[in-house]
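Chemist: Chain residues, written in single-letter form:
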Amino acid sequence: MIENKQLIICRCEEVTYEQLQSTARQHTCSARELKLRTRAGMGFCGGRTCRIALDAIMDSFIPDENKAVIPLKYQPPIRPVSFGTVGGRHD
Amino acid sequence: MTDLIVIGSGPAGLAGAIAAAGTGLRVTVVDEFIRPGGRLLGQLHQEPSGEWWNGIKEAEKLQHEAHALGINIRCGVSVYNIETAEAGWKVYTNEGVLEAPFVLIATGAAEYPIPVPGWTLPGVMSIGAAQVMTNVHRVQAGRKGIIIGANILAFAILNELQLAGIKVDRVVLPEKNAVSRQAGEPEAVIRSLLNAAHLAPSALLRFGSRLMKNETIRNIGTRFYPKNGLKINGTPLQLRKAAVEIIGTEQVEGVRTVDIDAYGHVIPGTDRLYEADFVCIAGGLYPLAELAAVAGCPFEYIPELGGHVPRHSETMATPLPGLFVAGNITGIESGKVAMAQGTAAGLSIAKQAGKQAAASGRQLEQAIEHVRTIRQQVAIQFHPDIELGRSQMNEQWKAHEGTSVQPGEKIG
Ligand SMILES: Cc1cc2nc3c(=O)[nH]c(=O)nc-3n(C[C@H](O)[C@H](O)[C@H](O)COP(=O)(O)OP(=O)(O)OC[C@H]3O[C@@H](n4cnc5c(N)ncnc54)[C@H](O)[C@@H]3O)c2cc1C
Chain A
164 MIENKQLIIC RCEEVTYEQL QSTARQHTCS ARELKLRTRA GMGFCGGRTC
214 RIALDAIMDS FIPDENKAVI PLKYQPPIRP VSFGTVGGRH D
Chain B
102 MTDLIVIGSG PAGLAGAIAA AGTGLRVTVV DEFIRPGGRL LGQLHQEPSG
152 EWWNGIKEAE KLQHEAHALG INIRCGVSVY NIETAEAGWK VYTNEGVLEA
202 PFVLIATGAA EYPIPVPGWT LPGVMSIGAA QVMTNVHRVQ AGRKGIIIGA
252 NILAFAILNE LQLAGIKVDR VVLPEKNAVS RQAGEPEAVI RSLLNAAHLA
302 PSALLRFGSR LMKNETIRNI GTRFYPKNGL KINGTPLQLR KAAVEIIGTE
352 QVEGVRTVDI DAYGHVIPGT DRLYEADFVC IAGGLYPLAE LAAVAGCPFE
402 YIPELGGHVP RHSETMATPL PGLFVAGNIT GIESGKVAMA QGTAAGLSIA
452 KQAGKQAAAS GRQLEQAIEH VRTIRQQVAI QFHPDIELGR SQMNEQWKAH
502 EGTSVQPGEK IG
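Residue numbers (our numbering), protein chains in the order written: chain A, 164 to 254; chain B, 102 to 513.
DSBU-like cross-link-like pairs, simulated, lysine-lysine; straight-line CA separation at most 35 Å: (1) A:K236 - B:K191; (2) B:K328 - A:K168; (3) B:K245 - A:K168; (4) B:K452 - A:K236; (5) B:K452 - B:K191; (6) A:K230 - B:K452; (7) B:K268 - B:K332; (8) B:K191 - B:K437; (9) B:K452 - B:K437.
Some chain A residues flagged as far from chain B (calculated, every beta-carbon gap over 12 Å): (10) S185; (11) T186; (12) R188; (13) Q189; (14) H190; (15) T191; (16) C192; (17) S193; (18) L199; (19) R200.
For the record, the hints were derived by calculation from the structure and aren't laboratory data.
Yeah, the Cβ is synthetic: ideal placement off N, Cα and C, and Gly gets one too.
Taking the hints into account, I'd like the entire structure generated from these sequences.
Modeler: Put into structure tokens, the structure is as follows:
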């Protein structure tokens, strides 16, 4: 249990423990759905900072059976890049 | 034209590039940091033999070797995606798209924090950030610091901060919760520290470690662990205190702690406030495997290796043709192991590329053997059951061999 409900877990998107907990309760959602609903782990750093903490918290809400599957999928771009770079402009 | 793109210029990536280039392959190394060397750049410690391991020197050695072989090292280049191409792989970077038949992903490890109330205040950093500030950028993190989390990485870096003359006031545990789990239980922490006792330059800890292999003595030891902690080069290690909040208005001013029992339960009425102007959170390390994931590589979950790890063979091949991995992306281990794995990967790639020198000799087998030997000798072992984790991965590899391979391609 995390006592301090206002504890920020995802810094980029400023998602608190309480938001994660209440969203998980309200929607009985999977790790992926919880991420999409709260945007936890979807900010500037691509979840590199909070991924492990998030996994642990989500696992404490809904234990995950299939551990070999990465709970929070990785999507490119895995680093912040400008639209120009993705579009193929490199100047 | 490039035969091999290496992503990451840490010990694994550089050693891999050198081994491959040594057989005649044309190699390009990219790294998003401003300097080659990866995590080596922060490392400074004394081996049990008494010799010093100076990571900056090791990185320079590798860099010179790479240059002598004509390897192109490009710093400040960040890879944000990787996809299969007609013949091999397309690597997307902030400086354009690179293409080669072979790619070695050697992106190392990342740190994970344990969130503590107040951890977003200026002056709070990960323990690794304190290492980079001190040893790479030569900037003093603060006048007086507190480390939250007692693990091998914290001790290695505590020692480096002390060497640099930076005062660390105390080491305390994080509060036990869903994230910190065993890192918040004194009993579990003591058990894990027994394997790191040689790094704690305290006779008491070293002597104690032998005694505490015995469970009863360990339990008594945890229960009677001195309130003020055992000192590590002058810094008290307070395993019976947990950080509940980092205090400050504009920046860190201190840490509020409570006393805890052997299992991490809070003892009421034991609040204390300790002043500090910087705080280091030592959570732990996990393999940075984003690129292997977007490439479509299958993963295995092996806690002894640090969590989710791309499936790979002892020859450092993944099930995807032409895609190899080495170093901490395959499991959290010391820099020397990463380097040995890199060499094995480089030779393995050379063999697949049909380079005679590596293919005919026993070089590759010897390199794989060398990884095992180094693993047994290193000063820093992040997980006590690393061997178990490695053999689990080998079993998984064998169990899946031949399944997800594209027709016509031979792996391993
Ligand atoms: C904070 C910290 C402290 C450590 N301290 C020690 C220690 O004291 N002793 C010890 O033996 N081991 C230590 N380690 C373990 C360390 O990871 C290994 O020693 C070793 O450096 C691993 O080598 P590697 O080549 O696998 O990865 P690294 O040395 O981490 O190198 C990986 C490189 O890849 C680059 N990279 C990553 N992603 C991308 C991308 N998308 N695009 C471009 N470049 C990328 C990074 O910039 C980095 O330079 C530490 C690890 C960390 C994280």
